[in-house]
Amino acid sequence: MTFRKFSKRAIITSLFLGILLAGSVAFAWWTAGGSGTGYAKAASASPLTTVDVSASTTNDLYPGGDGTLTIQIHNPNTYQVTVNSITPTGPGTSGVPACTAANTVTMPSAITGQTIVIPAGNDSAVLTYPGAVHMNLGAGPDNSCQGLTFSIPVSLTGVNS
Amino acid sequence: MARPVRSTVIAPVIAGVLAVSAIAVAGTIGQHGSITGQPAKRHLAIHGHVRHLMPGRPKILRVHVRNPLGASVAVYQLRAVVRTGRGRRGACPAQVIHIRTWKGFRKVAASSRRTFRLRIRLRKRAPDRCQGARWKIHYHARSVRL
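Note that the protein sequences, when read in sequence, are chains A and X. For what it's worth, this note's numbering labels the leading residue of the first sequence as 1, then goes sequentially. For what it's worth, this note's numbering labels the leading residue of the second sequence as 1001, then goes sequentially.
The shape of chain X in the complex, shown without the other chains (with noise of 0.2 Å):
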């Protein structure tokens, strides 16, 4: 004969959407600081530029990375991704900036910011009509809460 199951299974779903409730409302509490009615700013911002890229010489493009969180996070990864350019000659395409990624693992403290350094380069044989070209660059980035 089979035993009732009711503590067996209903008890620890019980469990765990009390656990997933409690861990939902503490982040929500973390990320606010303080329960000031302020909309939740869950992600991190980032922003960075470099002008004057000349075809085969690298230049480092500092990326600065503000945490808004009421935590300090640990950056493990940023990643840049290039969109097409565009110029007073016509478009000049993404594949000709090369941005590598940033690995590792740097804290960024709560309301604070921080400055990555990226290596950006314009490749030697860039066409000239990437003369004063302008891409944009989309940033992401990944962290953990420390």
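Isolated chain A, as found in the complex (with noise of 0.2 Å):
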């Protein structure tokens, strides 16, 4: 009996191969993979309220004149946000429909370049803008709006900061 001859070439190479196949194995013997899943949530934002807008707190708006916008804002939610600008959204109210049909309050642009800082969960300090509305003359003069403080709904923009 008689047995076929390899080459040594051959011998290394199937030594070479079954050292190679013996080691993948106890590799993967010895690596232990993992894997999973979970997930991450944003947070959603708040809209910020506001305190008070309102003009003419310090009596100083008249027909035809300008007067001091007072505001405080408030933030709800869990971060500091940073407001950069007050829009108006319409025009002021006084809760008086004489006054309100005779004389219009309005804030005729808006205060843009702000960095109000408002701290998580807090309100702002009150602030103030002279001469950011305006008290229209319309038909004629009203006595019944003399006194009356004005709400001037407003926009805010802001980011988290």
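It cannot be assumed that every hint is accurate.
Claimed, not checked - No farther apart than 25 Å at their CA atoms in a straight line, the calculated lysine-lysine pairs in the BS3-like style are these:
#1 K41/A / K1059/X
#2 K1059/X / K1124/X
#3 K1136/X / K1059/X
#4 K41/A / K1124/X
#5 K1124/X / K1136/X
#6 K41/A / K1136/X
#7 K1059/X / K1103/X
#8 K1103/X / K1136/X
What the hints assert, rightly or not - Beta-carbon label-pair distances, calculated as ranges:
#9 R9/A / H1098/X: 35 to 41 Å
#10 A120/A / K1136/X: 26 to 32 Å
#11 G64/A / H1098/X: 39 to 45 Å
#12 A1071/X / I12/A: 16 to 22 Å
#13 N84/A / R1042/X: 54 to 60 Å
#14 S7/A / R1113/X: 31 to 37 Å
#15 V126/A / A1109/X: 57 to 63 Å
#16 A125/A / R1123/X: 16 to 22 Å
#17 H1052/X / F16/A: 52 to 58 Å
#18 R1113/X / P153/A: 50 to 56 Å
#19 R1057/X / G23/A: 29 to 35 Å
#20 Y1076/X / S7/A: 39 to 45 Å
#21 T112/A / G1090/X: 24 to 30 Å
Just so you know, these hints were derived from the structure itself, not from any lab. The C-beta atom is built at its ideal place from N, Cα and C for all residues, glycine as well.
From these two lone chains plus the hints, build me the complex, please.
Below, the structure is given as structure tokens:
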């Protein structure tokens, strides 16, 4: 009985492959992988609210003239917010129909370029903007507006900071 | 005249096959802990989540790695891959979430659990539509048996 003769190269190759195979299996056994899933969820921002947005709190508003806007903002979020702009969304209201019909109080332009920092869950300081509101002359002067305070609807734009 | 090569070729191959078989059997028994007929638990189980991500604010993502194997392992890498998120305002790209890969060498004992802390951040310039969005995360761990 005779055996086939192998070349030296074949012997070395088969030995190498055998060791490689054994090594690969041993490595696969030695290492342990793992996988799984989870999730990340972003927070939702709560809208800023105003504690107070009013005009003529110091009785400086008169027909045809400008007055001071007073505003205090509340940040209900769990993070600090910086308000950049205050934009009017309609005319002011006083709660007295006769005054509203006769004279309109408006905020002619938005207040921009601000950096009003409001800590999480807190109110801002009471901010004043002289000359930011205007009382139109309307059809005619109406004494029912005297001494009233007007609420100005605004929208606030800010970013978390 | 070349000498017969049965002993120099076939014998190492047989030895190799036997060694591999022995390793495989040892590995199977080691993963069971005991031969109970239960399917072998070959992988670490990983889960973890985080909420209330805010743009630009890093948070810690606690990832729990459970080792169901019968032997202790040492985790040397824990990687997280984020999928596209979805929220009430639509889809939000995965690129706005950054999770740093954990690298080190931490032992997780057999049949026990350890918590890894990964740093996660929602990019500061994430679009507004990402508010309230939820991203699925796939974890991949690499470890060696001890």
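To see whether the hints hold, each was checked on the structure:
Only pairs whose Cα atoms come within 25 Å are accepted, and K41/A paired with K1059/X is accepted, the gap being roughly 12 Å. For a cut-off of 25 Å, the pair hint linking K1059/X to K1124/X stands: about 13 Å separates their Cα positions. Proposed proximity of K1136/X and K1059/X is supported: the alpha carbons are some 16 Å apart, at most 25 Å. Distance check on the hinted pair: K41/A and K1124/X sit about 15 Å apart at the alpha-carbon level, within 25 Å; holds.
Taking the CA atoms of K1124/X and K1136/X, the gap is near 20 Å; set against the 25 Å cutoff, the hint holds. Simply put, K41/A and K1136/X have alpha-carbon atoms about 9 Å apart, close enough for the 25 Å limit, and the pair holds. A C-alpha spacing of about 18 Å is found between K1059/X and K1103/X, which places the hinted pair at or below 25 Å, so the restraint holds. Of the pairs offered as hints, the one joining K1103/X and K1136/X holds, with about 22 Å between alpha carbons and a cut-off of 25 Å not exceeded.
Taking the beta carbon of each, R9/A and H1098/X are about 52 Å apart, not inside 35 to 41 Å as hinted. Distance hint check: the CB atoms of A120/A and K1136/X are about 29 Å apart, consistent with the given range 26 to 32 Å. Between G64/A and H1098/X the CB atoms are about 57 Å apart, so this pair departs from the stated range of 39 to 45 Å. The hinted range of 16 to 22 Å is not satisfied by A1071/X and I12/A, whose Cβ atoms lie roughly 35 Å apart.
For N84/A paired with R1042/X, a C-beta distance near 55 Å keeps the hint of 54 to 60 Å intact. A hinted range of 31 to 37 Å for the beta carbons of S7/A and R1113/X is inconsistent with their spacing of about 55 Å. Evaluation of the 57 to 63 Å hint for V126/A and A1109/X yields a pass: the beta carbon distance comes to about 59 Å. Between A125/A and R1123/X the C-beta distance comes to about 31 Å, which lies outside the given range of 16 to 22 Å.
Against the hinted window of 52 to 58 Å, the Cβ-Cβ separation of H1052/X and F16/A comes to about 56 Å, which satisfies the hint. Judged by the Cβ atoms, the range 50 to 56 Å given for R1113/X and P153/A holds: they are separated by roughly 54 Å. The hinted window of 29 to 35 Å between R1057/X and G23/A is violated, with their beta carbons roughly 47 Å apart. Separated by about 42 Å at the C-beta atoms, Y1076/X and S7/A satisfy the suggested range of 39 to 45 Å.
The supplied range of 24 to 30 Å is met by T112/A and G1090/X, whose beta-carbon atoms lie about 29 Å from each other.
Of the numbered hints stated above, those contradicted by the structure are hints 9, 11, 12, 14, 16, 19, listed in ascending order.
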